[in-house]
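**Student:** These protein sequence lines map, in sequence, to chains E and Z. The first sequence lines up with residues 184 to 389 when you count with my numbering. The second sequence lines up with residues 1303 to 1645 when you count with my numbering.
Watch out, some of these pointers could steer you wrong.
[Said to hold, decoys possible] Ranges between beta-carbon positions, derived for each pair:
| id | chain 1 | residue 1 | chain 2 | residue 2 | range |
| --- | --- | --- | --- | --- | --- |
| 1 | Z | 1557 | E | 214 | 33 to 43 Å |
| 2 | E | 352 | Z | 1641 | 56 to 66 Å |
| 3 | Z | 1308 | E | 194 | 53 to 63 Å |
| 4 | Z | 1384 | E | 355 | 28 to 38 Å |
| 5 | Z | 1533 | E | 298 | 39 to 49 Å |
[To be verified] Now the stretches of chain E that chain Z is said to cover, found in silico as 3 or more residues with beta-carbon under 8 Å:
| id | stretch |
| --- | --- |
| 6 | 242-254 |
| 7 | 357-370 |
Hints were generated in silico from the structure; no laboratory data involved. Using N, Cα and C, we set each Cβ at its ideal position, and we do this for glycine too.
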Amino acid sequence: MTKTTSHTPMPQPLRILLVDDETVRAAMVEEALGREGHEVICRLQGPSSLNDMVARHAPDVVIIDMESPDRDTLDSMALLNRENPRPVVFFADQHEPDTMQAALAAGVSAYVVDGLVPGRVKAILEVAIARFDAFQSLRQELDRARGQLADRKRIERAKGLLMKHQDCDEPQAYRMLRKLAMDRGQRIGEVAANVIDILEGLEKGQ
Amino acid sequence: MSMSHAPERPRLTLGFVPLLDAALPIIAREGGFFAAEGLDVTLSRESAWSTLRDKLAAGLLDGAQLLAPLPLAMSLGLSGPPCDTLAPLVLGRNGNTLVLSHRWAQGMAAPYDDTPGGRDPAVNARDFAARLRHRGAPRPRLAMVHPFSSHHFQLRDWLALDGLDPDADVELVALPPSRMVEALELGRIDGFCVGEPWGTQAAHRGGGRIVATGAQLWPGHPEKMLGVTRQWAERHPLTLTAMIRAPIAAADWLSASPEHRRQARDWLALPPYLDRALDHLPTLPLGEAPVDQRFTALRPEAGQLGAVVEHLARQLGGSLDRNRIDACYSAVHFDAAAHQGCA
Chain E
184 MTKTTSHTPM PQPLRILLVD DETVRAAMVE EALGREGHEV ICRLQGPSSL NDMVARHAPD
244 VVIIDMESPD RDTLDSMALL NRENPRPVVF FADQHEPDTM QAALAAGVSA YVVDGLVPGR
304 VKAILEVAIA RFDAFQSLRQ ELDRARGQLA DRKRIERAKG LLMKHQDCDE PQAYRMLRKL
364 AMDRGQRIGE VAANVIDILE GLEKGQ
Chain Z
1303 MSMSHAPERP RLTLGFVPLL DAALPIIARE GGFFAAEGLD VTLSRESAWS TLRDKLAAGL
1363 LDGAQLLAPL PLAMSLGLSG PPCDTLAPLV LGRNGNTLVL SHRWAQGMAA PYDDTPGGRD
1423 PAVNARDFAA RLRHRGAPRP RLAMVHPFSS HHFQLRDWLA LDGLDPDADV ELVALPPSRM
1483 VEALELGRID GFCVGEPWGT QAAHRGGGRI VATGAQLWPG HPEKMLGVTR QWAERHPLTL
1543 TAMIRAPIAA ADWLSASPEH RRQARDWLAL PPYLDRALDH LPTLPLGEAP VDQRFTALRP
1603 EAGQLGAVVE HLARQLGGSL DRNRIDACYS AVHFDAAAHQ GCA
């Protein structure tokens, strides 16, 4: 067999729809897949418009946070949109159980267009898994660093930011934190840290 | 409890989706019925049925509240990779509502009203079909919770009452239950079929009206079931028995007094479970028209899944293996659990 390395054509870039509410992680995945030459469309927020996004952008691959409430929308598109010329099918390649297991552990779900070469899907999935994992370690490091700061100090800071951003008073800000904590099953100190992150991020961006 | 019945795996994580028919696992946890069986149960709130399914199949969850068609769809490999799944316990019957925006529901009867439209769901379906044919494009967009749900199949059955083709005449989309009400209010969908409390919440908030219920279409149908993988069940037989017994005890307790229903409602309204979604319900409504939510008759009966099996068979374009269905919804574990300790 002759080697034709010098003339191997670049594979066509794929259109990837990324569905992730975690903005920092989404940016990491987008950057990495973009570097591989793929065209990445990000969708961050907003219910029920996912159908429209898939119809409009006709992605080859959808990468989605396993915890996203939009999972069921994609599941149903795979089964119901018979008139859609580019049906999205659930990536259930049982020839790659290791990749599937790694994806699950990292919290990555993928849906791909029927007929896409499995090797190309695997490569994309591996990039996404690596970034999801990296984000997880970043978050853990951040959490450790934050552990040194007293919860109380954090709650005060979060309350102050909430009062400013939500135009509310101190008891309202505290109730908001408490509700967030209960909703997520987290300690109020953890929630305060998240709130600080998000709101300080917003302020820096302005 | 004797040592011989001590569960192999006393610490369990069970998945649920915030719905009224997550009641039995929640009551079993908060009311100490799991603890009485030697189980320390964590309930994990999941935001999508697909996530619940994948986590159960991968062993990240020990068991889960499942849409009744899902264990069979998983076993047949119709939803995710094939995974032999058992449904040894019914967690709730009825509870679904079909809600339409006011634009579509105008003039329609309320289910179970003493009018022709209230008594016969075909009357509202005929009204809907007439409006749809009159208005033409764009097709109304109707939501259900998952392709393998009774909501999807009941919506199809309701549309078919007046000969509408669910694949051509309307656009069917899937949304998580907790997003239905907002999507309707924002005009992103024209109606939906969903489990409680979301249907009565939509009506209460004024975004739409209940025009039919699952209880009208499939009276007394098993709506949610406890799901475990066959592999898990074989490894943890005593744990499974305890996992079945606790919700049965919770159901008995629930039906014993109206005070218990109020207590159960308050447990369900805790932030890790349904939180503010129960604000419009002062107590847990049981057996009341038009929803007719029930937490009784928990023994699984493959024969009661007839409508589900028909829809699945049509989707597959053939008939289903009877043995597969019987194995999936077998009552053998229920009977063993219910009789344990009686001797």
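**Student:** Could you tell me whether the CB distance from residue 1533 of chain Z to residue 298 of chain E stays inside 39 to 49 Å?
**Tutor:** violated (32 Å)
**Student:** Evaluate the given range 53 to 63 Å for the C-beta pair formed by residue 1308 of chain Z and residue 194 of chain E.
**Tutor:** holds (57 Å)
**Student:** Range first: 28 to 38 Å. Now tell me if the beta carbons of residue 1384 of chain Z and residue 355 of chain E are that far apart.
**Tutor:** violated (51 Å)
**Student:** With respect to the beta-carbon atoms only, verify the hint that residue 1557 of chain Z and residue 214 of chain E lie 33 to 43 Å apart.
**Tutor:** Taking Cβ atoms as reference, residue 1557 of chain Z and residue 214 of chain E lie about 57 Å apart, which means the hint is violated.
**Student:** Three residues minimum, CB to CB under 8 Å: does the stretch 242-254 of chain E make the cut for coverage by chain Z? Let me know.
**Tutor:** holds (count 6)
**Student:** Within 56 to 66 Å: is that where the Cβ-Cβ distance between residue 352 of chain E and residue 1641 of chain Z falls?
**Tutor:** holds (59 Å)
**Student:** For the stretch 357-370 of chain E, does the count of residues with a C-beta closer than 8 Å to a C-beta of chain Z reach 3?
**Tutor:** As far as the stretch 357-370 of chain E goes, the hint holds, because 4 residues have Cβ atoms under 8 Å from chain Z.
In summary, the structure is inconsistent with hints 1, 4, 5 from the numbered list given earlier, while agreeing with the others.
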